[in-house]
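Protein sequence lines, in the order shown, are assigned to chains E and S. Residues 1 to 343 (our numbering) make up the first sequence, in order. Residues 344 to 740 (our numbering) make up the second sequence, in order.
Zero decoy hints are in this set.
Subject to a maximum C-alpha distance of 25 Å in a straight line, what follows is the list of computed DSS-like cross-link-like pairs (lysine-lysine):
1. Lys735/S / Lys571/S
2. Lys79/E / Lys158/E
3. Lys216/E / Lys18/E
4. Lys13/E / Lys79/E
5. Lys518/S / Lys471/S
6. Lys181/E / Lys90/E
7. Lys351/S / Lys158/E
8. Lys132/E / Lys158/E
9. Lys216/E / Lys13/E
10. Lys571/S / Lys79/E
11. Lys90/E / Lys79/E
12. Lys79/E / Lys351/S
13. Lys529/S / Lys518/S
14. Lys571/S / Lys18/E
15. Lys735/S / Lys351/S
16. Lys140/E / Lys571/S
17. Lys571/S / Lys90/E
18. Lys90/E / Lys18/E
19. Lys735/S / Lys18/E
20. Lys345/S / Lys158/E
21. Lys471/S / Lys505/S
22. Lys158/E / Lys181/E
23. Lys79/E / Lys735/S
24. Lys396/S / Lys450/S
25. Lys735/S / Lys90/E
26. Lys735/S / Lys345/S
27. Lys571/S / Lys351/S
28. Lys90/E / Lys158/E
29. Lys345/S / Lys79/E
30. Lys533/S / Lys396/S
31. Lys505/S / Lys518/S
32. Lys229/E / Lys181/E
Just a sample of chain S residues kept apart from chain E, beta carbon distances all over 12 Å, derived:
33. Lys396
34. Leu447
35. Gln472
36. Gly502
37. Ile607
38. Val614
39. Val620
40. Phe658
Worth flagging that the hints you see were computed from the coordinates, not collected in a lab. Backbone N, C-alpha and C fix where the C-beta goes; we use that ideal spot for every residue, glycine too.
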Amino acid sequence: MTSPGHSCNIETKGLTKKFGGFTAVDGVDFCVNEGEIFGLLGPNGAGKSTIIRMLTTLSRPTSGTATVAGHDIVRDPHKVREMVGIVSEKMIMYDRLTPRENLRLFGRLYNVPRRALDDRIEELLTIVNMTKWADTQIGKFSTGMRQRINVVRSLVSKPRVVFMDEPTLGLDPQSTTEIRKLIQRLNRSDGLTIVLTTHIMNEADVLCGRIGLIDKGRIAAIGSPSELKGRITEKGRTIVDLDLFDPPPDAADRLSRAESVLSAAQTENRVKVMVSRENAFEEVLSAVRENGLRLRNASVSSPSLEDVFLHFTGRSMVDEVKDKVPMKGGHGPWRRSGSGRVR
Amino acid sequence: MKIAHLLKHSIWIAQKDLLEFSRNRMLLVMLIIFPLFMMVLTGYIFPTGSTLKDMPIALVNQDINDGVYGNESVALIVDLEEMGQRSGYFDFRTTGSESEARDLITKGRMSGAVIIGHNFTKDIGSGKQGPVTVLYDQSKPQISLQVMAALDSAISRTGTLKAASTVNRTIGLDKNASSALVTPFKVSNKGTVPGNPSYFQFLAPGIMMLLVMFSVMQGLPRAISHEKETGTFDGILAAPTSRFSIIMGKTLAQSVRGMTQGGIVLLLAIVLFGVTVNGPLWLVIGLLLLGIFSFIGVGITITSIASDEETAQMFMMLLQFPMMFLSGVFFPVEQMPWYMQYASKALPLTYAIQAMRKVIVLGAGVQDILTEVVILFGFGTVLLFVAIPLFKRAMSK
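Start from the sequences and build out the full structure, keeping to the hints where you can.
What follows is the structure, encoded as structure tokens:
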């Protein structure tokens with residue numbers, strides 16, 4: 001999936017990590033270009049964090065490797081460490097230390113010269129509006145404040161690449177917006193290459209130039225959000241969202257038999273139906289009626305990243321429990337009516 | 344250049360750890376409370392020398408002839424009662440019969456009994472030994488041993504005095520000469536250093552060593568597993584810092600903490616419990632450092648084997664418990680049965696405590712503790728060679 005002609009800042013080659021018999025990351029190949037925000041999107045447990053841990057040299061790949069900023073993560077981990085910053089899901093900071101002391105410790109560990117370090121710390125604290133709190137112990141901070149420090153902490157050494165594992169996890173809406181703006185700003189003004197993981201569709205959609213969809217340790221698809229959405233909406237395909245009243249468990253199956261319906265997927269009382277023509281709304285409604293389903297609400301929507309995820313993995317990201325769609329040859333429900341119906 | 348970085352990094356990591364520690368008031372207070380607690384508790388619950396005080400002892404005089412007590416038994420009883428009062432060890436209570444005395448011991452009201460036999464006066468008069476039986480309480484072996492020993496010596500001392508006066512009377516030798524005839528040897532007890540043996544003097548070196556060595560053994564795994572759990576360890580591991588700097592920095596911080604702890608124990612012992620250091624102070628400090636060194640490997644090994652704080656805690660318990668009781672912190676190793684003494688000899692803490700005790704109590708110099716020093720150094724070095732590869736492997740999982 002390496003885009004030819006570009007030189008990749010990060011390139012993974014068959015990156016694999018096994019924990020005992022469990023394969024967390026399974027032969028992942030992708031390329032991240034210099035200066036882009038690349039998102040790894042997938043449900044919890046998909047292997048996103050493990051990929052980040054391997055790329056930041058915290059975990060050694062079972063097989064395969066990757067280069068980060070020109071250095072091999074297996075052969076030359078020390079060089080990689082010098083080049084990258086990490087924003088971990090668990091915040092990397094000491095509560096009994098002040099932001100300044102925290103930043104200073106890590107700056108020193110990255111061998112930043114003293115004078116330059118002091119300036120850098122001042123600069124970073126200014127960016128996140130924390131100069132006022134520079135000498136207060138972090139233990140007294142709110143989660144939002146802590147995350148701001150957590151993010152800038154990864155930047156003390158002026159890394160070329162920063163890996164962020166769920167950078168907005170557990171933040172309130174306001175802090176989430178703040179952190180997202182900060183990420184965009186760092187990317188635009190400093191040309192920083194950022195790889196972030198998220199399980200929030202919207203976040204990937206807003207922030208990332210390109211996205212890698214991850215499911216069960218594999219990359220399901222890679223592309224920009226609009227590209228990915230385009231792949232399922234090509235040829236006038238439209239998505240009809242049905243909200244049904246007390247539907248039978250095979251509602252999606254029944255609906256997918258209608259002529260213009262390409263596929264249907266059910267989550268509790270909602271069924272997403274993809275139709276091949278833009279004007280097939282009426283047809284879906286009659287299919288609902290014919291099958292004796294009772295409609296509460298229906299709407300036509302443009303595909304979201306969630307639909308994309310469903311399309312490529314056959315699984316809904318939000319609804320992992322109800323994952324009992326019959327899979328054949330790796331195809332998901334979206335493909336079912338297209339390639340011969342599955343009964 | 345590389346080594347300079349290595350050292351700088353470890354110092355910064357150590358500095359960070361100590362800064363965190365110094366801001367944790369609870370931990371600082373514990374640094375004082377814990378040893379104090381231990382000294383007071385162990386200092387007062389374990390037997391310190393003689394614990395005999397006003398022990399109730401039943402006195403049964405069976406030496407009766409025609410309703411009259413024999414004069415020899417009466418004389419012995421007077422002597423014993425006088426001795427009991429003078430020393431404060433015993434409180435003799437006259438009891439009617441042996442069965443009554445046994446009953447009182449069973450009920451726990453008496454700690455023992457002295458029974459003067461039926462023909463006591465008559466036997467002595469006819470050139471035989473007068474029979475005396477001492478009954479003791481088997482439910483309290485430690486106390487009974489002391490009671491028996493004290494009663495034995497009290498009775499035999501009365502006997503000796505009696506013999507001396509008999510010699511004085513019958514042969515006509517003067518008092519001193521007759522004493523010398525009856526007890527030809529004169530024993531006086533002296534220590535090799537001035538002052539009376541005190542239990543705190545015995546206890547302080549042990550507790551000091553124990554706390555210092557344990558603080559490294561516990562502190563290291565705790566410091567690292569805590570950072571692992573909060574996630575900050577990833578930050579250090581993802582930085583271009585050598586694994587060696589990390590472990591060295593952590594060890595350095597724990598050593599400073601351990602030494603502080605040791606200093607506090609020593610100070611408390613001197614100021615509050617009247618302990619005197621008879622050996623050179625630098626040797627005390629040197630031994631503390633050596634003790635820390637010998638336990639670093641253990642700490643790193645636990646850190647590497649245990650993935651989380653709870654497992655680490657379990658491992659430490661497993662190691663600490665036997666060490667606390669087998670290393671002779673609270674009572675001398677020599678009091679243990681032989682097989683336990685062997686077990687004790689396998690523990691490094693035993694040697695550290697032994698050496699520290701020699702220095703503090705007996706005023707020993709380096710040459711007197713060479714064996715212990717070599718053993719501790721050897722143990723520490725061997726364990727480091729085991730621990731460091733383990734740590735490296737554990738860190739790159």
